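Given chain G, work out where chain W should sit, using these hints.
From first to last, the protein sequence lines are chains G and W.
The UniProt record's numbering puts the last residue of the first sequence at 308; the count rises by one with no breaks.
The UniProt record's numbering puts the last residue of the second sequence at 270; the count rises by one with no breaks.
In short, the hints are calculated from the structure, not lab data.
These figures come from a predicted structure and were not determined experimentally.
Do not take every clue at face value.
Here are some chain W residues pointing at chain G (derived, C-beta under 8 Å) [to be verified]:
(1) 18
(2) 22
(3) 23
(4) 25
(5) 29
(6) 30
(7) 33
(8) 37
(9) 103
(10) 104
(11) 110
(12) 113
(13) 114
Using 35 Å as the maximum straight-line C-alpha spacing, the simulated DSBU-like pairs for lysine-lysine come out as follows [what the hints assert, rightly or not]:
(14) G:11 x G:177
(15) G:11 x W:107
(16) G:177 x W:107
We treat Cβ as the ideally placed atom computed from N, Cα and C, and that holds for glycine.
Listed below, chain by chain, are the residues.
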Amino acid sequence: MNPVIETVGLKRSYRDFDAVKGIDFTVARGELFALLGTNGAGKTSTLELLEGQATPTGGSVRVLGHDPFRERSAVRHRIGVMLQEGGFPPELTVLETVRMWAGCTSGARPADEALDMTNLSDRRAVRVKQLSGGERRRLDLSLALLGRPEVLFLDEPTTGLDAQSRRDTWELIRELKLQGTTVLLTTHYLEEAEQLADRLAIMHQGLIATTGRVADVVAERPARISFRLPQDRLLGELPPLPAMGVTRHETVGGTVRLETRDLQRTATELLTWAHRTGVTLHGLDARSASLEEAFMEIAKGLDHEETR
Amino acid sequence: MTTTAPTRPVDTAPPVRRGSASRMAALGRAELTLLLRSRAALITALLVPAVTTFSMRGVVDGLDLDGTGLSIATVLLPGSLGLALIFSVYTNLVGVYVTRRESLVLKRLRTGEVRDWEIFAGGALPALLLAYVQCALLIIGLTVVLDAPAPAAPHLMVLGLLIGGAMLVAAGALTAAVTRTAESAQLTFLPFWLLSMAGSGMFVPREILPGVVGDISAWLPFSPVMDLLRGGWTGDLGAADQGRALLLALAWTGLAALGVRRWFRWGPRG
Chain G
1 MNPVIETVGL
11 KRSYRDFDAV
21 KGIDFTVARG
31 ELFALLGTNG
41 AGKTSTLELL
51 EGQATPTGGS
61 VRVLGHDPFR
71 ERSAVRHRIG
81 VMLQEGGFPP
91 ELTVLETVRM
101 WAGCTSGARP
111 ADEALDMTNL
121 SDRRAVRVKQ
131 LSGGERRRLD
141 LSLALLGRPE
151 VLFLDEPTTG
161 LDAQSRRDTW
171 ELIRELKLQG
181 TTVLLTTHYL
191 EEAEQLADRL
201 AIMHQGLIAT
211 TGRVADVVAE
221 RPARISFRLP
231 QDRLLGELPP
241 LPAMGVTRHE
251 TVGGTVRLET
261 RDLQRTATEL
271 LTWAHRTGVT
281 LHGLDARSAS
291 LEEAFMEIAK
301 GLDHEETR
Chain W
1 MTTTAPTRPV
11 DTAPPVRRGS
21 ASRMAALGRA
31 ELTLLLRSRA
41 ALITALLVPA
51 VTTFSMRGVV
61 DGLDLDGTGL
71 SIATVLLPGS
81 LGLALIFSVY
91 TNLVGVYVTR
101 RESLVLKRLR
111 TGEVRDWEIF
121 AGGALPALLL
131 AYVQCALLII
141 GLTVVLDAPA
151 PAAPHLMVLG
161 LLIGGAMLVA
171 AGALTAAVTR
181 TAESAQLTFL
191 PFWLLSMAGS
201 GMFVPREILP
211 GVVGDISAWL
221 PFSPVMDLLR
231 GGWTGDLGAA
241 DQGRALLLAL
251 AWTGLAALGV
261 RRWFRWGPRG
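So here's chain G without its partners, still in its complex pose (with noise of 0.2 Å):
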């Protein structure tokens, strides 16, 4: 099946800037997409790009199968779009604003089903001007559901949101995708990309960094044991670190860090050896990777490259 959006070579240049410097990737129908990075990375731009707010410097986008830019009347009728910071008339109410944005739109859903997926329902008479930012973000992501779109673009759509309303947009989000929805989203938050994303890219500088499954790109990166040796302990003292499936080590006042690829049996050699030895391990950490740090990883590793 073709894929529902497909980028080859996407670039997107501002007059001394390159934002996006050539990027590749393929969402399919139904998949949820994220696109992490730094501020600055270039998801916003590549964005726009998909949404055909802009035309690329260079290479090519597909959105279900049209030049979103080029061919914006074979393709806006059938996405959804919520921009990181879009802008209502302060002097409407909820329900006005969503009825000037039905009437835009092609197959709208009444506009009492849009608000109350968003729980704005009892929101509907007050200006938007008196909304909390929060709640703006939410009827935001209501225009951007109203005429059931196939493919939804999602500018960081839970900044802002208190902690309830994150996690109602999640479901959401999900409930939205096992309808089919094909979702491309941006975010700051790592557990938003964990909790939701059937694959992610990483940008970072303009570039995707690494993309793939969730769980690949997190096995991808070591898990960490931590601890502090007795005083007079030594790290010799342990068993051949390498024969443990650790990878890396280093200590750094007085804490011992190491990595490994097999968190289970370096786990197990290393409590077996202080069993055995009668050692205490003060402040004993052991954690699989997690994308937080496959991310933060990502980020430090590119750009130790570039000041080379």
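Showing chain W alone in chain G's frame:
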């Protein structure tokens, strides 16, 4: 959250597409609500043309209209219509477009199915409605007060109002393109407004402007609109002059539209 309604199954026919008319009606309705809620803008737009017209009466009384074929009524009436158009459409829309741009409304709208020109046109509908209602009231009011004759060529008046409206929407968008903030929109409308007041024969007929100034003023954007409006009352605008006025007005409108296409930015400057 309740998401009971399924998204559209992939194989069913897509729902009826919304057309231009529907989109512009929705935008126009929202903009009308906003206009009615912004008392200051509404009162200014309603009062200024009427008050100015009456205060211009003294000036027009003092003009030497001999040999121009004009009367106080045929100067004041078209002048008041031109002023109402400029105030309700041009001045008003410069502020509307700038405010919507700076509050990111236009940027959000452009992600949807609406086309760029529909954003301008739909947003202009309430301003045009306001202007035309005002023109109707001014025509009735002034005809009674000045005991003026009915327009000799009403179709020219209607043509002038229509093309004038279109030109001012484009001019408003173009002025908004070079206006950075809502505050500066209080000033940037002035050049075009003053130029049209003084040079386009709004209350001071171009026929009595001195030589070269009069020649140049004939080519100003709003001059052909005033020619058509005045011709509507006097009925003495010949076919050639009608054609010239129409072409000139269309040319200026087209130029303004091209300028908008070239220079209008849809979001605030970073």
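Tested hints:
1. Contact between residue 18 of chain W and chain G, as hinted, is supported at the beta carbon level, the nearest pair being about 5 Å apart and thus within 8 Å.
2. For residue 22 of chain W, the shortest C-beta to C-beta distance to chain G is roughly 6 Å, which falls under 8 Å, so the interface hint holds.
3. Interface restraint check for residue 23 of chain W: the shortest CB-CB distance to chain G comes to about 5 Å, inside 8 Å, so the restraint holds.
4. Taking 8 Å as the C-beta cut-off, the interface hint given for residue 25 of chain W holds, the closest approach to chain G being about 6 Å.
5. Look at residue 29 of chain W: its Cβ gets to within about 7 Å of chain G, closer than 8 Å, so that hint holds up.
6. About 4 Å separates the beta-carbon of residue 30 of chain W from the nearest beta-carbon of chain G, less than 8 Å, and the hint is met.
7. Using the Cβ-Cβ criterion of 8 Å, the hint placing residue 33 of chain W at the interface with chain G is satisfied: the shortest such distance is roughly 6 Å.
8. Taking 8 Å as the C-beta contact cut-off toward chain G, the hint placing residue 37 of chain W at the interface holds, the least distance being around 5 Å.
9. A cut of 8 Å between beta carbons decides the hint on residue 103 of chain W: the least distance to chain G is about 4 Å, and the hint holds.
10. A cut of 8 Å between beta carbons decides the hint on residue 104 of chain W: the least distance to chain G is about 3 Å, and the hint holds.
11. For the restraint placing residue 110 of chain W at the interface with chain G, the shortest Cβ-Cβ distance is roughly 7 Å, inside the 8 Å limit, so the hint holds.
12. Taking 8 Å as the C-beta cut-off, the interface hint given for residue 113 of chain W holds, the closest approach to chain G being about 5 Å.
13. The criterion of a C-beta within 8 Å of any C-beta in chain G is met by residue 114 of chain W, whose closest approach is roughly 5 Å, and the hint holds.
14. In summary, the hint linking residue 11 of chain G to residue 177 of chain G is supported, as the alpha carbons are separated by about 29 Å, within the 35 Å threshold.
15. The hinted pair formed by residue 11 of chain G and residue 107 of chain W meets the criterion: a straight-line CA distance of about 22 Å does not exceed 35 Å.
16. For the proposed pair residue 177 of chain G and residue 107 of chain W, the alpha carbon gap of about 27 Å is at most 35 Å, so the pair holds.
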